[in-house]
Amino acid sequence: MNNPTIRNWLGFSTLALMLASLFMVFDYVPPDAEMGIAQLIFYYHVPLAWVAFASFGLVAIAGIFYLWLGDQLWDDLGYAAAETGMVFCTLMIVAGSIWAKPIWGTWWTWDSRLTMTFILWLMYGGYLMLRASADDTPQVARFGAVIGIVAAMDVPIVIVSVRLWRTIHPAVLVTKQGTHGLEDPRMIWTLMVSLTAFTLLWAWFLMLRFTQLRTRSRMGRLAGGIALATAAASDPK
Amino acid sequence: MGAHFGYLFAAYSIIFVAIFLYVMFIWRRQAALDAELRTLEARVAALTERSAAGGPSEPRSGA
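The listed protein sequences correspond, in order, to chains A and B. For the first sequence, our numbering begins at 1 and goes up steadily by one. For the second sequence, our numbering begins at 238 and goes up steadily by one.
Hints were generated in silico from the structure; no laboratory data involved. Heads up, none of these hints are tricks.
Computed footprint of chain A on chain B; a stretch qualifies when at least three of its residues, placed anywhere within it, have a C-beta under 8 Å from a C-beta of chain A:
1. 257-270
2. 277-287
Residues from chain A that keep clear of chain B, each with C-beta distances beyond 10 Å, as calculated:
3. Leu69
4. Leu128
5. Arg142
6. Val146
7. Thr167
8. Met192
9. Ala203
Here are some chain B residues pointing at chain A (derived, C-beta under 8 Å):
10. Ala240
11. His241
12. Phe242
13. Tyr244
14. Leu245
15. Ala247
16. Ala248
17. Tyr249
18. Ile251
19. Ile252
20. Glu273
21. Leu274
Just so it is clear, CB atoms sit at the ideal spot from N, CA and C, and this is done for glycine as well.
Starting from the given sequences, assemble the full structure and let the hints guide the process.
This is how it looks when you write it as structure tokens:
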């Protein structure tokens, strides 16, 4: 993951695809006949949800491996994934809220999917607060791994909530009839490009933050070694 | 473009501003890491120098 060429390539590809997705949203895809222009928020709201859920899934996987193997690498990966997931989850909620105002007439409602998403956001917010406020000890890392795993269990609940309970949140990608609600091929293409752009953006952010956290861990160990060596050299005996 | 263009514009603007701010955050973290690395390099250099000279102790920097 620590390859500057891959990171730069990923950065430029992400930028190109983000610009392409913007062009498609504002100039290519037709708006939904019922919702009008506000429906175009969907083309970023869904990819944001996808990368947020993928991030939280990765936190859980990294947490399991950390608890199993105890390798600092997995803790760094989980921390990086939780942070990027939180950024995308926050933006997903904000974008959804802005869409809801003209469509539902309110910024927020305690609908089942929205409530479960808010709980997910709170749990990973707690995870990040723990990591930011406590020292980087194995105990804190283990506690963080457990929170990350437990919180990720909410992701499938959020996904299926529109089919499990009565909800006003639209089920566009897989409707209750098992079909998708994108009737125009241009809608599918635009969504695919946006999904790819946000997946690359997520991978880029994750790579950057993971590399930084790995470097910080290594520097922490190096500083400990230097402190020991300094103490030994200063010992008068 | 439509009655709700303001909402559309606000949503996309917030997303791109937030992405830009997160990139800035990552950039600042990198600068902080580089500064920490320089401090460590200086401490290693001081330790190596003292070890080569066979001297007693380096000044404690506390870094």
